[in-house]
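Modelling step: build the complete structure from the supplied sequences, incorporating the hints.
Chains as they are written, first to last, in the numbering used here: chain A, 1 to 434; chain U, 1 to 242.
Honestly, the hints are just simulated from the structure, not real lab data.
Heads up, some of the hints might be wrong.
Straight-line Cα separation of at most 30 angstroms, DSS-like style, residue types lysine-lysine; simulated pairs [to be verified]: (1) K135/U x K107/U; (2) K328/A x K225/U; (3) K361/A x K328/A; (4) K361/A x K199/U; (5) K364/A x K79/U; (6) K35/A x K225/U; (7) K364/A x K216/U; (8) K215/U x K410/A; (9) K86/A x K35/A; (10) K216/U x K76/U; (11) K225/U x K215/U; (12) K157/U x K361/A; (13) K172/U x K36/A; (14) K216/U x K328/A; (15) K361/A x K142/U; (16) K28/A x K225/U; (17) K72/U x K36/A; (18) K164/U x K215/U; (19) K364/A x K107/U; (20) K142/U x K181/U; (21) K364/A x K72/U; (22) K410/A x K225/U; (23) K135/U x K34/A; (24) K410/A x K199/U; (25) K172/U x K35/A; (26) K361/A x K172/U; (27) K215/U x K361/A; (28) K76/U x K364/A; (29) K364/A x K199/U; (30) K76/U x K361/A; (31) K225/U x K364/A; (32) K361/A x K79/U; (33) K157/U x K72/U.
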Amino acid sequence: MSADKWAAGGINIILGLFTVFLFFLYFKTFFTMKKKSLQVLLGVVLLVVWQIGILDIIGAPLTPIYNIGVTLVCTLVVAVNIFEGKFWKKCLFSVTFDAIWMLSEMLINNMLMLYSERLANSQLFGSFISKLLLFIVIVALRKAITAAPMEIPDFHNILLVFISAGSIYIMGTVFMLAYRSEWEYAESFSLISVAVLLLINVLIFYIYRKLADDLYIRQMNLVYEQQLELSERHQKEIELSMQQMRDVRHNMRNDFVSILAYAEKGECGKIIDFVNDVMENGNLKPSEAANTGNTVIDSLVRYWNMTAEKEGIEFRSDLFIPAEIPFKGADISLILGNLLENAIEGARNADGRKYIRLRIKYDKRNLLITVENNYKGELLKTKGKKLRTTKTDVANHGIGLSSVNRTAEKYQGIVSVDDSVAARFLIRVTLYGR
Amino acid sequence: MLNIAVCDDDTRFAENMKTQIQNIAKQNFVDAEIDVFWNGESLVNAVIDGASFDMIYLDIEMGKEDGISAAKRIRKYDKTVLIIYVTCHENYMRDSFSVRPFQFLIKPVSPAQMEECFRAAYEDIISSDSYFRYKYQRINRKVLIRDILYFESNRRKIRGITEKEVFEFYGKLNEIEERLKAVPASFLRVHQSFLVNYKHVEGISYDFVLMDNGKKISISADRRKLISEQYCEMEDTVYVGR
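Structure representation (structure tokens):
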């Protein structure tokens, strides 16, 4: 008798640990673990104690509703402690986890009730089979669903929580009704509804993935739109410089005619004065802002220089780059365009002297970009220390920096923001050339 | 005492530069000796013969041996001299970046630019002109910081690698890193057991640094972001505005 008890206890503990394993298998598919070991430890301890402890308490009177409540709260607390990510996403995934877990238990219980009354009464066997089913569902999910490319907004997470929370409620109701019902088919119908609910909950993952994909595509569209705009601007720049070239050529003809006229008269002094004049006023002097010979960077810097000066912002640029660099023009123009646009946006509202400083250096085959500007007000940050847009139209803004980030990642680069000095925004981008 | 070389095939410009630098040095209370070279070849020969300069003002476009090839040859003998290109070229040739130039000055150079550049270079030189002191076998020893390529730790023992020798002592890399923070010379902790002198870094990528003695040291994954930031910041401070 005593040996049996010990064996049962042992199996209980093994099943509890199996649940812990399933928990991690499931959550690791969608989340990354936190780095703070203390919090993770706390979460794991809570999870293990709960899993092993709850099975011991099972003997004690624990009403089903109370049990469901404890399960929901425990899963959520553990998930919040162990994993990184938004609260509502964790909420959604823990409630769904619980729903799938309970539904598989119900399903197995119902089946056993239908086919073998004896096995249904064995707590251990039922628990084992239902966990096996849960395991299969999770493994299938892992195979079918890869990590989503984006986080979906809280609002959608909350909507989805309703589905799984609702199905837990319906499941409870169906169970109660079938239990109390005298009707002979009650159990079969309850079995089918539980199976349907389980399917619905699995579908949540599909919907989640679709929502995330949709959001991602929308953001990428914005990025492409921006890129198009940048290249259009670039095109205009080139046209402008062509126009200038044509003017220079035209003027040159006139100038030569004048020089020739002076030469024919033998007026050397006048020629000297005239040539000096042309050199001073003509377009022969290279542009002050950017003359590195690198067409992409030069035209971008000139454009933003002009824009900044129109807004009354002092623009200073130090460019140390060769004419050719091993980085794609489109990427450079995306990064510079975004950074300088942000800088102008920021400096526009600054108090007193408004300024932007741009420094680009090509060093050891890497490209280092620094943009500094002053601004007014506060920087907004998300919980993950990421900068947030200060614009009110959140959906369409704030992707500038993230697309800079994505582009920098292409070159194993990093983007770092230095806001240690008040009212000064400094952003550094390092791109590696190999 | 600074040894400065000015190399330009335009003799008038070169002499002009020399007096300008002399005046700036005097105003900043720096003792400077300035040699003028009229072509790249004679400058390189002087370096080969053992002349040790702290700064070289180098014209890129010269008749006999251009500035870039001269700089490349100088780099073979002297890894730490500060090379300042003085050029009327609007676009710097890609090659000129391979010798780690300290600065580009575009002709005509204004006195303000000249002074700004000189000060930055001077600060850079004196910052690495101090000694690293350590104790080994109960004897206090010292080594010039600018000669140190990197430190490598192996359990309690630390090896310091210079261009010519390897020295050993007992200590902790964390403590050395802390100590060297007081010195303006910049050292990068690229790895748990490597502390490298940025002056001697010839190439850097996101996952490794290449020292100028050919040693490749990998940057550990958890330090990459920080090193990238420090790298960008460091190159930023060496800047002299135009």
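Verification of the hints:
| no. | hint | in the structure |
| --- | --- | --- |
| 1 | K135/U x K107/U | 50 angstroms, violated |
| 2 | K328/A x K225/U | 22 angstroms, holds |
| 3 | K361/A x K328/A | 16 angstroms, holds |
| 4 | K361/A x K199/U | 17 angstroms, holds |
| 5 | K364/A x K79/U | 15 angstroms, holds |
| 6 | K35/A x K225/U | 16 angstroms, holds |
| 7 | K364/A x K216/U | 15 angstroms, holds |
| 8 | K215/U x K410/A | 26 angstroms, holds |
| 9 | K86/A x K35/A | 15 angstroms, holds |
| 10 | K216/U x K76/U | 18 angstroms, holds |
| 11 | K225/U x K215/U | 22 angstroms, holds |
| 12 | K157/U x K361/A | 38 angstroms, violated |
| 13 | K172/U x K36/A | 26 angstroms, holds |
| 14 | K216/U x K328/A | 27 angstroms, holds |
| 15 | K361/A x K142/U | 35 angstroms, violated |
| 16 | K28/A x K225/U | 25 angstroms, holds |
| 17 | K72/U x K36/A | 49 angstroms, violated |
| 18 | K164/U x K215/U | 14 angstroms, holds |
| 19 | K364/A x K107/U | 25 angstroms, holds |
| 20 | K142/U x K181/U | 17 angstroms, holds |
| 21 | K364/A x K72/U | 14 angstroms, holds |
| 22 | K410/A x K225/U | 15 angstroms, holds |
| 23 | K135/U x K34/A | 43 angstroms, violated |
| 24 | K410/A x K199/U | 28 angstroms, holds |
| 25 | K172/U x K35/A | 26 angstroms, holds |
| 26 | K361/A x K172/U | 35 angstroms, violated |
| 27 | K215/U x K361/A | 25 angstroms, holds |
| 28 | K76/U x K364/A | 17 angstroms, holds |
| 29 | K364/A x K199/U | 12 angstroms, holds |
| 30 | K76/U x K361/A | 24 angstroms, holds |
| 31 | K225/U x K364/A | 18 angstroms, holds |
| 32 | K361/A x K79/U | 21 angstroms, holds |
| 33 | K157/U x K72/U | 36 angstroms, violated |
Comparing the model with each earlier hint shows violations of hints 1, 12, 15, 17, 23, 26 and 33; every other hint is respected.
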